[in-house]
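Student: Please model the complete structure; the sequences and the hints are all you need to start from.
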Amino acid sequence: MNEEVPIVEMRGISIEFPGVKALDGVDFRLFPGEVHALMGENGAGKSTLIKALTGVYRIDSGSIVVSGSERRFGGADDAQEAGVSTVYQEVNLAPNLSIGENVMLGHEQRGAFGINWTATHRAATEALERLGLGHLDTRKPLSTLSIALQQLVAISRAMAIRAKVLILDEPTSSLDAAEVEGLFAVIRSVRDQGVAVLFVSHFLDQVYAISDRITVLRNGRYEGEHLTRELDRHALISAMIGKDLDTLKSLGGNRRREPRDPDEKPLLSAVGIARRGAVEATDLEIRRGEVVGFAGLLGSGRTELARLLYAADKADAGTIELHGSPVDLRSPADALPRRIAFSTENRRDEGIIGDLTVRENIVLAVQAERGWARPLSRREQDAIVSRYIEQLNVRPADPDRMIKNLSGGNQQKVLLGRWLATQPELLILDEPTRGIDVGAKAEIQEAVAELAEDGVAVVFISSELEEVVRLSERIVVLKDHRKIGEIQNGPEVTAQVIVDVIAAHGVDAAADTLDDTEGAVPDSIAPTTHKEAAR
Amino acid sequence: MTAAAGTTIWRELIRKPFFWGIVAIIALLALNVIKDPTYLALSINPNNGNLVGNLVDILRQAAPVMMIAIGMSLVIATGGIDLSVGSLMAVAGAVSMEFLSAAGDSFGAALAAVGLALVITGVLGAVNGVLVAYVGLQPFIATLVLMLAGRGIAKVITGGQNTTASNDSFRWIANGFLIGIPVVFLLAVLIVIAVGLVVRRSALGLMIEAIGINPRASRMAGIKPKGLLLTAYIMSGILAGIAGVMSVGSVMTVDISRTGYQLELDAILAVVIGGASLAGGKFSLSGAFVGALLIATLDKTVLYLGVSSSATPAFKAIVIVVLCLLQSERVRGWFRRRRRPRPAERLLQKEEVSA
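Listed in order, the protein sequences are those of chains A and B. Each residue of the first sequence is one higher than the one before, starting from 0 at the first, in numbering that gives the first Met the number 0. Each residue of the second sequence is one higher than the one before, starting from 0 at the first, in numbering that gives the first Met the number 0.
Derived by calculation from the structure, the hints in this document are not laboratory data. Any given hint could be a false lead.
Result set (DMTMM-like, lysine to aspartate or glutamate): computed pairs, CA atoms no more than 25 Å apart in a straight line [claimed, not checked]:
id	chain 1	residue 1	chain 2	residue 2
1	B	Lys-15	A	Glu-222
2	B	Lys-225	A	Asp-354
3	B	Lys-225	A	Asp-397
4	A	Lys-403	A	Glu-368
5	A	Lys-20	A	Asp-315
6	B	Lys-223	A	Glu-463
7	B	Lys-281	A	Glu-368
8	B	Lys-223	A	Asp-397
Tutor: Written out as structure tokens, the structure is:
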């Protein structure tokens, strides 16, 4: 590692968007031959800093020095010319071109009669071989590869055009463990060739596995630069969230532990619901006043299962009963009048209607249920809107502001208000606390606990297992598109227990496939033992 | 303090989507006045007490465009487009003329002719709506079908003739006056207000905007888009029918190839001038109203200034390009960057955010 000369040095970078200071005097250095992780919560400014470096955003103040000279790039292409290549989470390659064409696009080998395709594909193969991908047929369309391999092709492309700096923005979020290992092998080989790698990920384990150095951002400010081996996890998390872990742990810790009447009819019971490619046949029961957590890794089917309950996606098989009578849910418009509400994890694309006001966003679902011919009067709207703005502490408390101008946490609260206004009996919350600050997080968790007290059944989905454990009465564990067990929550249940269940299941499945094909819950994680212990 | 209040009103006005449309109308009128200082003069016809003048002509010309423009506003707000309105005008004209030429000159016949024309254009609008909402065709393609087929339908109805009829009640819609003002303009204003009330007093407008801005999120909020899309296309069809009645009424002849020819483009322009985005979402009926007035003013000005007919489209294009540039956020952004906000203003903005 060359400590003396950073290849990228950013000093005092500030970027202001209308009304928000996205970056405030941030410093950042990147040395050749190192993997440097950029850490911070959602909204801390990681992506903004990357876009400042590549020139996608214009910086308001500060300086960027690349390879010893001050630069201001005019965009990603301009940056690429200077050797700064970016591989985004959603691969930005052309899926209908061949692998070789994608690797060499814009740098094709030319001969006397235009492009020499043979030489171009040979060069592409060489670039792929350097990263251990020599087995790929460069003439096949890129779309035939998995996302993970496409990402590796994108890295090959960056290497083929002699990148000196490689930026990987959340490259692992849609990869499974084996694919992540493959990616890391490639990253290490790229690093060993002297390339500076900037790595952004939410997964702490991965950051510790791959990075040499960590820079932490919080709320657009620089919190410090550390060598990875000298920074322990608790210190890192504290730096990212700006609070002690203990304070965070004490938030909203009131899960229900009253014994239930075993004869009570479930609010919702689903038998064998499935959807091809998303969820395998699953049985599920949800009772009034119960918070059920769905735990599992990204892509485990936790979101997909929740979407079936709301008919956001239609189930191909199985039946759903509400209050003991079967219902046919074809679309959200069928689920809402039956008092089911679903708050999506994809707030921007499936949640907010950006150009409408907070007021309109809150009343929308209620209005949709009534139909357009029976409008809510202004007074009724005001009553609903002011109630939820106050109850959920939406800031700014201005109902006539466009929702797209609110912060993520406040948008989330507005959406929560929209669903509460429909008076749901079953409220499904998919990642309601993702990408929002700690304060808003606590407020949303509190709201969930209160709802359960009032008899509402809540399905709570979060990739933060601690949060699921803190709030849920019962935890449904999913893996590889199927439910692998249920855990009754209790004092000795921790995030680690769930992780163990998920990890252990792979072993069980290998040992005893019969058990899985019948879809039965393995006895090894039977719920009752924990429940007894909880009393 | 009053100065400050004045500025805020001024700012509000500038922010209105149709502000630049009004400016353009005034500018065009000024251009006409420069050529002829008496251009704006209104006189009263001593025989019947009706207003006469260039402004009156503009209002009359604007009426059909207003009708199709507000229909187009609704369709565009859903994220679609309706290319068939010009042809539907011809269909409405053909239906009413053919009916009247047989039914003769009575008030009842006029009423029936209008009703029949609107029912048929409403049904054709429903065809568009079904193709878009239920079959799932691209709105551009779905309505292109009727744009091309509509004139054929009209031709079949009239047997290939440019049918002429006489009916004083029907003619009155287009050429009559009420308390000195053209009936056709009064009618247009009334219909715009009526549509505005229906759309804004019910939740129709909100839902149309919601599906136009974010169809996926709207579905998740329980909105059923199919019925809304169908409603928007039916309304657009009926309004095109009204426009067709207005436009054949003044000459009492339907010219299959000329009636409503290319007026769908004028309607789209009127909507854009009114500040709506072709991507769908927020719409403004008052904006479309102003846009239609501007287009009528523009057409009249081109004639009045004696711009040669070959240069007419270019003249129109220049005016519209300039207008769209003035409305463009990006162009305005360039101007804004030239004069950076003063520090005090910046501070104010920051406080707003932290509050």
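Student: Against this structure, judge whether each hint is valid.
Tutor: Results for each hint:
1. About 44 Å separates the Cα atoms of Lys-15 (chain B) and Glu-222 (chain A), which puts this hinted pair outside 25 Å; it is violated.
2. For a cut-off of 25 Å, the pair hint linking Lys-225 (chain B) to Asp-354 (chain A) stands: about 21 Å separates their Cα positions.
3. Restraint check: the Cα-Cα separation between Lys-225 (chain B) and Asp-397 (chain A) comes to about 32 Å, which exceeds 25 Å; the hinted pair is violated.
4. For a cut-off of 25 Å, the pair hint linking Lys-403 (chain A) to Glu-368 (chain A) stands: about 24 Å separates their Cα positions.
5. In summary, the hint linking Lys-20 (chain A) to Asp-315 (chain A) is not supported, as the alpha carbons are separated by about 47 Å, beyond the 25 Å threshold.
6. Distance hint between Lys-223 (chain B) and Glu-463 (chain A) is unfulfilled; the C-alpha atoms sit about 34 Å from each other, more than 25 Å.
7. Proximity of Lys-281 (chain B) to Glu-368 (chain A) is assessed by CA-CA distance (about 22 Å); at most 25 Å being required, the pair is judged to hold.
8. Note on Lys-223 (chain B) and Asp-397 (chain A): the hinted pairing is violated, with a Cα-Cα distance of about 28 Å set against a maximum of 25 Å.
Checked against the numbered hints above, the structure violates hints 1, 3, 5, 6 and 8; every other hint is satisfied.
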